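Enquirer: So you can see what is in the structure, the chains are spelled out below.
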Amino acid sequence: MNNNETSPVPTIGRAQELIYELKVEQAMTRAVVAVSPENTMDDLRNIMREKQISGTPVLEGDTLVGIVSIEDLIKSLAQGQPPAKVREKMCTNVVTLFPDEPIVFALNQFRRYRYGRFPVVDRKSKKLVGMLTKGDIVRCLLKRLETNNIQAELCQYRPGHLFEDVIADRSALTLRYQVEGGNFEHAGNGSSRLKNSLLRLGIHPEATRRITIASYEAEMNVVVFTQGGELIATIEPDRVTVNAVDEGPGIPDVDLAMQPGYSTAPDWVRELGFGAGMGLPNIKNNTDELKINSIVGEGTNLQFTVNTIRADG
Amino acid sequence: MTLHEIIQILQAEPILNGEVRDVTVQIACGSDLMSDVLSFAKPGALLLTGLTTVQVIYTAEMADIRIVCFVRGKKPQEKTVRLAAAKNMILISTFLPMFESCGRLYQRGLKGCSGI
Ligand SMILES: Nc1ncnc2c1ncn2[C@@H]1O[C@H](COP(=O)(O)OP(=O)(O)OP(=O)(O)O)[C@@H](O)[C@H]1O
Ligand SMILES: [Mg+2]
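Sequence lines, in order, name chains A and X.
Residue 1 is where the first sequence starts when you use the working numbering, and the numbers rise one by one after that.
Residue 1 is where the second sequence starts when you use the working numbering, and the numbers rise one by one after that.
Calculated directly from the structure, the hints in this document are not laboratory data.
Small disclaimer: the values here were computed from a predicted structure and weren't measured.
Possibly wrong hints are sitting among the right ones.
[As the list claims (entries may be wrong)] Partial list, computed: chain A residues near chain X (C-beta under 10 Å):
1) His204
2) Glu206
3) Glu217
4) Glu219
5) Arg270
6) Leu272
7) Phe274
8) Ala276
9) Gly279
10) Asn286
[What the hints assert, rightly or not] No more than 30 Å apart at the CA atoms, straight line, and that leaves these computed lysine-lysine pairs for DSSO-like:
11) X:Lys111 - A:Lys143
12) A:Lys284 - X:Lys42
13) X:Lys42 - X:Lys79
14) A:Lys284 - A:Lys124
15) X:Lys87 - A:Lys284
16) A:Lys85 - A:Lys23
17) X:Lys111 - A:Lys291
18) A:Lys51 - A:Lys143
19) A:Lys23 - A:Lys51
20) A:Lys85 - A:Lys126
21) X:Lys75 - X:Lys111
22) A:Lys143 - A:Lys85
23) A:Lys143 - A:Lys126
24) X:Lys42 - A:Lys291
25) A:Lys85 - A:Lys51
26) X:Lys111 - A:Lys284
27) X:Lys75 - X:Lys42
28) A:Lys75 - A:Lys143
[To be verified] Chain A is nowhere near these chain X residues, computed Cβ spacing over 12 Å in every case:
29) Pro43
30) Lys79
31) Ser114
Glycine included, every Cβ here is placed at the ideal spot set by N, Cα and C.
Turn these sequences into a full structure, and let the hints steer you where they fit.
Expert: Pasting the structure below:
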């Protein structure tokens, strides 16, 4: 299936078309976290940790005056100098994008400058309107591709180096799927979308199978036993981690719940083919790491990781 | 074993994409418990089940199963067929009960998922 690269007439897949069609403003993050030049590097560290970001624009009023990243922070810490201000450590010759520029141009800028993120500014006012990372681009493309027919496209996209570029990036890619409590009609939809995305990202089908069997079991538990929650998949170059997070009721005895055959599922769930008490053991068998944090009355965070590096390299 | 043969052996009725008769399978798995399917079924297996909800399709998708046979005369719900169509799956239905469906296929050489 991988002969697209060598075939004389390269197939242009929908993903390739999309990078020409879509504009920066359709992929960018609008809710931008920014700092002021007067903030200290310590403030910056707290903000980055809290918001789980690796760089922010620096705004003076609403004018973009610089950009500061985790590297600047590390450098400043390594020098062990007295607490510095962002103004002294930020990078001031900022490369920006305009909202109406095509995604393909943005991708070229990423390749050219090797920056992790670009501020997006209005063409006229030069005011900051958003931020764009490679992760934003991939998320946007995956979203658009979800609505298309799946099977036919898979083999066309996989050779595209587009996605491989992105997950090879240091920054992890996060995909999120809402799970509605009690809604059997859509139970499985999150894992199904995750599966398509993982395959498109070039994750090996065997690893993808293990990840989505586990996420589906976790998703079913959220649907059956809770008010609802979320599946959060974090994709890194060598592994995929999924958190199935819900808002209660929690699991009173996790060790007991892990026992094969243990189930509190009501009869109507059994009639639907679930409730054998095999879900959690099955998650364990399919994953390389499993952690369950549960607080009764608050909720459960089931986290598992599957290593995705193939034995065949 | 080809889909065509399976349809004949089970006297089954094609419901979705049943005309793609040259598709073949080597192994099958029969269960009404979805967690069973998720833990024991092998990729590419034929799934026989008496359940007809959308969960059968999601389960098959996660397990990399493309062909589902509904046993004891069950017809899938309309939304089940729609979902399967979006995933390009094959659905058939037989009036035979689970044991007899599995027995007939096994007798004709289709293997189970235990690998024995
Ligand atoms: N997110 C959750 N919140 C609250 N309780 C949970 C949650 N996940 C699992 N449980 C509890 O743990 C038990 C075991 O879960 P497990 O997934 O192994 O089996 P099951 O869901 O009952 O059956 P099966 O998964 O085979 O359909 C459940 O019956 C339930 O009591
Ligand atoms: Mg379960």
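Enquirer: Evaluate each hint against the coordinates.
Expert: Status of each hint after checking the structure:
no.	hint	in the structure
1	His204	violated, 12 Å
2	Glu206	holds, 8 Å
3	Glu217	holds, 7 Å
4	Glu219	holds, 9 Å
5	Arg270	holds, 9 Å
6	Leu272	holds, 6 Å
7	Phe274	holds, 6 Å
8	Ala276	holds, 5 Å
9	Gly279	holds, 6 Å
10	Asn286	holds, 8 Å
11	X:Lys111 - A:Lys143	violated, 39 Å
12	A:Lys284 - X:Lys42	holds, 17 Å
13	X:Lys42 - X:Lys79	holds, 25 Å
14	A:Lys284 - A:Lys124	violated, 55 Å
15	X:Lys87 - A:Lys284	holds, 27 Å
16	A:Lys85 - A:Lys23	violated, 35 Å
17	X:Lys111 - A:Lys291	violated, 36 Å
18	A:Lys51 - A:Lys143	holds, 23 Å
19	A:Lys23 - A:Lys51	holds, 26 Å
20	A:Lys85 - A:Lys126	holds, 24 Å
21	X:Lys75 - X:Lys111	holds, 25 Å
22	A:Lys143 - A:Lys85	violated, 39 Å
23	A:Lys143 - A:Lys126	holds, 29 Å
24	X:Lys42 - A:Lys291	holds, 26 Å
25	A:Lys85 - A:Lys51	holds, 20 Å
26	X:Lys111 - A:Lys284	holds, 27 Å
27	X:Lys75 - X:Lys42	holds, 24 Å
28	A:Lys75 - A:Lys143	violated, 37 Å
29	Pro43	violated, 6 Å
30	Lys79	violated, 7 Å
31	Ser114	holds, 16 Å
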